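Participant: Reassemble the complex: the two chains are provided individually, in unrelated frames, and hints are given to aid placement.
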Amino acid sequence: MSTSQSQPQRIHPMMPVSDHDELAEQQFVIALKTFIASEMDPVVRDLTNAAVAELGVEDSLQSALPDIRRRLEPQQPYQNWVSAMRAAQELMWQAAGDCVDRQRSDIDELARSAPAIGTVTVDPNFIVPRYLAATDTHMMPGSYHVDPPDGGVRQGAVFDKAASLYSLGRQGGQMNDMRGQTVIAHVYERFPDLEPARVLEMGCTVGNSLCAVARAFPQAEVHGLDVGAGLLKYAHARAARLGVALHFKQASAEDSGYPDNHFDLVFSSAVLHETSAKALPRIMAECFRVLRPGGVMVHLEVPFRAAEADAYSLIRADFETRYNNEPFWMGAVSADYEALAREAGFAEIGAGFQDAAFGPPARGIRGQFGNENKGGYKSWYIASARKPQSKAMA
Amino acid sequence: MSGATVSPNAAPPMQRHRVHKGRRVVPGQDPRVDTLLGMVMALTSELAVLRERLDTHERLAAQGKVATPEAIDAFVADAATEQARAAKRKRMIEKVCRPLLADAVTAAAGVSTPKD
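Here the protein sequences line up with chains A and B, keeping their order. Start counting the first sequence at 1; every next residue gets the next number (this note's numbering). Start counting the second sequence at 1; every next residue gets the next number (this note's numbering).
Next comes chain B alone, as it looks inside the complex (with noise of 0.2 Å):
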């Protein structure tokens, strides 16, 4: 990008174009725990592409195929695949969210419990 022409308020590119302009505090929450929220979603959506390509390693191998990245990339997942997989993502999901739920649970029963 070097020699390109910036206008001198602009951030430096890669910036620009990963982190949104104008991203807000939620009043009350310690910004910490949004931030570690944010990444273990990015470290599960990394986990789930991981598992996805694993299983197509699988499925060229029980065709007899290399899982070579052309291979890979020209796989083209059948329904019966592709609802396996969804299933397998909606699991895992859940179980990293089932926290956030189970906050809900503590939250909403200690409205409802009369106090001593």
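For reference, chain A alone in the conformation it holds in the complex (with noise of 0.2 Å):
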């Protein structure tokens, strides 16, 4: 028979593996997405157009935006608009949950057995920050951190199976390490001197960019933190199934708990928009105490700047903030981070948008890294800086 999406391979021993019904489930949560942005987001454009008129918005949109918003709530398409995306969020992580659930004594076993390479380190008083437990992120019950009373693997395997839904496979596929891909583009880019001895991700979930970051750099040895233990476990797991030596500890980006001057290559993706506007300049000062010097830093965003954003692309903006629980996304988008490099000692910054890349990216190739935004999956933005070799330098 011909192997096609419907019934896809286990790409990687951890992934939760759907029954014929699990899947069918799987595949209506993304035909229902695609329904949504296809039929529903553009009557919701059409609307915030009209509202822009109606107010006479002329210069600041992002400062006009709470206006915008009062106009569009007492209408009813925008309403079945906020209600359909998050039925289909929501049924995304039923699907995904119970596809977990019912094969979860299984992924918990793969988990305890999985190759002894790499670490996980977790800790049982470790608070969660603030910004992070006031709610679950991205409406996934128990978000990163709320593992069942019995333990286990749970949030990381649920995780990782919406994670490929999410993207609709475009963030690459089930292996989910485009973006991974995309931060080793960049430093190839700006950084191509740079050969780490040790590298830290922050926030680094189920590890999807940290494996794909160990096989660019193989001489090094790679760390990520992130704030759930089942989820780390479960990514732990997942790497030693792969052959990939990763170290993973539970911690936080504001106070890693690492020592002074230990890594070579600090970076994020897509998880500064999780966390707040207090803590984004102490994670900033974070990756400077950890690096060396001339160690580098990579944060990679989403691609979108809201001092640039049509009203629309506002509007979509502000249901991940308000309904989407991303509370930060609109700081995150607005932040200056060449200022929050600078406050924080670094030197060499810069922050622009680098093509989107699809698999292992090749050395020496140049001019991927610029201004110009060509848009979502196909730019992701990035603030990127170099810690000085010394005082004097700064």
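Read the hints as simulated data drawn from the structure, not as lab findings.
BS3-like, lysine-lysine: derived pairs with alpha carbons at most 30 Å apart:
(1) A/K378 <-> A/K33
(2) A/K278 <-> B/K21
(3) A/K33 <-> A/K374
(4) A/K33 <-> B/K21
(5) B/K90 <-> A/K374
(6) B/K90 <-> A/K378
(7) A/K249 <-> A/K278
(8) A/K33 <-> B/K95
(9) B/K88 <-> B/K65
(10) A/K33 <-> B/K88
(11) B/K65 <-> B/K90
(12) B/K21 <-> A/K249
(13) A/K33 <-> B/K90
A short list of chain B residues far from chain A (calculated; beta carbon distances all over 12 Å):
(14) A61
(15) G64
(16) V66
Between beta-carbon pairs, the in silico distance windows are:
(17) B/P69 <-> A/A133: 34 to 44 Å
(18) A/R130 <-> B/L47: 33 to 43 Å
(19) B/T106 <-> A/N49: 13 to 23 Å
(20) A/A116 <-> B/L47: 41 to 51 Å
Treat the numbers as computed from the prediction; the structure is a model and nothing was measured. Even glycine gets a Cβ: it sits at the ideal position worked out from N, Cα and C.
Facilitator: Right, dumping it as structure tokens:
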């Protein structure tokens, strides 16, 4: 029989396998999200543009956003759109959760019996930062950190299963490593001399980006931190079963606990928008502290800058903030990363758009980082910088 | 799950992994509409699953096979089958969601029609 998308091969040994009905349910979610994007988004775009015209907004769309939203909220098509978007997202988590729960004991056993390469360190007394504990990010019940009472890797498995659904396959398929490959391409372009001996990813979730980075720098000792114990145990087993030695630790990006001057490369991928205005400068300072002089910091974010966005894009971003539980989305797409990096002490600061890399990038390719935003899943916003060799050079 | 240590603030595990924390009401919306829309979408997903299972039954029958649960889970749709199923899913969603688009048409007409 021919292979098709209908029964995808298990791309890595930890990925939960869908049975017939689960696959049909997941494909329904994808079809529903596609319908909303093609049929309902344009309706909200028209309503948004009408609201902007009625309000007579001319200068800053971003400062007018609360007024635009207040115009939309009483309108039934806007309410329908929010409800449909939310229903599709909730069905996605339900589908992924049911699939994992059916085989949870098998997945937990696969995690326990994973090859003994790499490490995972969890802290029973770890306190999840308030900005992540206050709501369940992405509407994922239990979010990154609320494990079942009997422990286990459920939250990691659910996240991994859903992540390939969420992006409709546009972030590197089931390996979900396109953002990691994009970080590598950025390092090759902006810091071609960097041969990291130690790498840290802040907010690594299931290690999907980190596996790609570890393979690009095979000589490096590669670490990842995140807030969920089950999430990290899953990430460790996922990497180990892929034959990649990664070191995971339950810790906050603001206070990681790693030594000073320790890493050559510290990065994050679509993480800063899940933090807070207070946390952002602290994370920059923590990056500076743990990097050795000459080390490089890279933060990848969504390809969207609030100051340059059209009104509909702001309303779409507003949905992420208010309903998809990413409360700092608007803050992260408005932040002045160059100023933040400068205040933290960094030099060689750059911010702009990096072309998405869909596979392991080649060294020596230039011109993929600049001011042009090619749009969702084609570009990513990246802010990067280097810790000066000495204070005198800062 | 009896005997497990649960912090006093933790919600019962089933609910904590079923309903996300921080679910907001849409200002101005009757929350019962949101609830009902969520239920209709969930029901539609069940219908989509059922129809796909029925389709698998028929395709196994056409191959002279018995549709045991194992045979159904082992069935691999070829590209033509997947294309036909995708068209059916799309049609079902468009049909169920048509009233939502009708709301939009009505609202647009209401905005552009001059008042008497």
